[in-house]
Amino acid sequence: MAKSNEPLVWAPFFAGAGLSALLMPVLILITLLAGYGVVPSKDLHGLLNHWFVRLVLFFLISLSLFHAVHRIRYILVDLGLKVARGLIAALCYGFAVIGTLVALLVATGLWG
Amino acid sequence: MKTKELVRSMPTAWWLHNRHLAKFMIRELTSFFVSGYAIFLLVMIYQVNRGGEEFRQFYFNVLQSGWMKAYGWISLIFVGFHSITSFNAAPTIMAPRWGEDKIDPRVVIAANYGLWLIISIAILIIVL
Amino acid sequence: MARSKMTMPTEQRIMTLEVFRYLPEREEKPRFQSYTVPYREDWVVLDALNYIKDQIDGTLSYRWSCRMGVCGSCGMMVNGEPKLTCAAFLKNYYPNPIRVEPLTNFPVIRDLIINLEDFLHKLKELKTWILPKEQKAVSQGEYLQTPEQLATFKQFSMCINCMLCYAACPVYGLEPKFLGPAAIALAQRYNLDSRDGAKSERAETVASSEGIWECTFIGECSRVCPKHVDPAAAIQQAKVINTQDWWKSVLLPWGKKD
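Residue numbers (this note's numbering), protein chains in the order written: chain A, 127 to 238; chain B, 29 to 156; chain C, 319 to 576.
These are computed hints drawn from the structure, not numbers from a lab. Because the structure is a prediction, the values reported are computed rather than measured. It is possible that part of the hints are untrue.
Not close to chain B: a few residues of chain C, all C-beta gaps over 10 Å, as computed [what the hints assert, rightly or not]: (1) Q330; (2) P450; (3) Q554; (4) L569.
Pairs of lysine-lysine residues, derived as DSSO-like cross-links and limited to a Cα-Cα distance of at most 30 Å, are as follows [said to hold, decoys possible]: (5) K129/A / K347/C; (6) K30/B / K472/C; (7) K472/C / K130/B; (8) K130/B / K347/C; (9) K347/C / K32/B; (10) K445/C / K129/A; (11) K130/B / K517/C; (12) K129/A / K442/C; (13) K545/C / K495/C; (14) K30/B / K168/A; (15) K51/B / K517/C; (16) K545/C / K130/B; (17) K347/C / K208/A.
Every residue, glycine too, gets a C-beta built ideally from N, C-alpha and C.
Could you build the full structure based on these sequences and the hints that come with them?
This is the structure we're talking about:
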């Protein structure tokens, strides 16, 4: 049994857990408030254009994705998945990597 | 004489065996809603990049739609549960100690919730 | 005159035990056998099993020893929950029947007796004993340790090897190669001991994909542990330490290996 390289993905998983736990609930609440018109479109637009907001959201999006795909991968394992575990892992973390790249493009304004 | 050992198989729905295991599975499933909102944030920033008019369309047609609001409430519950289970697990993972004594886990949990509250209120004040 | 349960003399109250039987030299398949035992307020399930073996059916086989929760021999499934039968009081189940089965996730040799070779093998693999940082001759005196240093690992040293945690762990059920809660907690006990110097030796096994990284922090192990060892804590803490070590070795490869 050799030492695993799991820490590579466990670090962003753990960081994503903390960040999403602290930030997501209030952000979802704000999104809902916007949905009910309490936060007007202009304000939301301005907030999402601010560089600091984008910086924080970039990290939130990226690390939350790594957190989520790691958990989803292990849900499959816990439900009995034994075959193609390497492939599943690659697909899961690959998705998070792609999501991070998209977040980078979008946050820097290069896309959209 | 060596007799044949009995190997018992594990039921596929093992996580329904008791309420702790069911709670575990729900805790894990919250990750779908965490990734869901992360993707939603991505889409929202993308819409901002597309310009004022496009964003207004997104705001009125998507953000304010009944479906989105319903999904938002469900998300809030699941992501909230994710937060709660994460904070409750903090003392187990960190095991902070003050010299020889173990810091009361309730203090660690309270500190987590406190931080959560402060950050959430601060963000709300800034936004509203 | 009708008598309520409350006024019935204690000697006349009874309980039913449905006990798992597996007699491979006679029957291919396992079955349950029902026994009626007297109900005594101070009895535990182990007392009921001993009564059955003494008075009703001498063929029933099971392990037990200290009958006071320190030897770890009498672990069994009581109504689907892993428990030390010397610590499961009849009065918590009365008047309903109690189902007694061998610990889940282990092969059954006979009746309530499981094969625990796998666990013993893992303990050996993890070198769950002190491998001193510095070898000292007896004449040089004791290895000194402050109360603070003891406090870092003391909780994990309380394990009595009862294996209730293995019975409770779905990951072990799904993957028998998983090192499991008790073994990892014990490895941590030695890794954290200031006198020990074998952390990197154990890391090959502990930090493997069948070690801490197979665990998905379900937490059942700590819930059922009769000695409050909290093996789940040991494993998650090991994950944090291993992650820090891994990233340090990647980002600072010239760093000191410890």
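To see whether the hints hold, each was checked on the structure:
1. Q330: holds, 34 Å
2. P450: holds, 23 Å
3. Q554: Not fine: 4 Å to the nearest Cβ puts Q554/C too close to chain B.
4. L569: holds, 22 Å
5. K129/A / K347/C: Distance of about 41 Å is beyond 30 Å: violated.
6. K30/B / K472/C: Between K30/B and K472/C the Cα gap is close to 40 Å, so the pair fails against 30 Å, i.e. violated.
7. K472/C / K130/B: holds, 11 Å
8. K130/B / K347/C: violated, 50 Å
9. K347/C / K32/B: holds, 11 Å
10. K445/C / K129/A: Given that 30 Å is the threshold and the Cα spacing comes to 16 Å, the pair holds.
11. K130/B / K517/C: holds, 23 Å
12. K129/A / K442/C: Distance ~18 Å between K129/A and K442/C Cα, so the pair holds.
13. K545/C / K495/C: holds, 25 Å
14. K30/B / K168/A: violated, 79 Å
15. K51/B / K517/C: violated, 34 Å
16. K545/C / K130/B: At roughly 17 Å apart (the allowed maximum being 30 Å), K130/B and K545/C satisfy the hint.
17. K347/C / K208/A: holds, 28 Å
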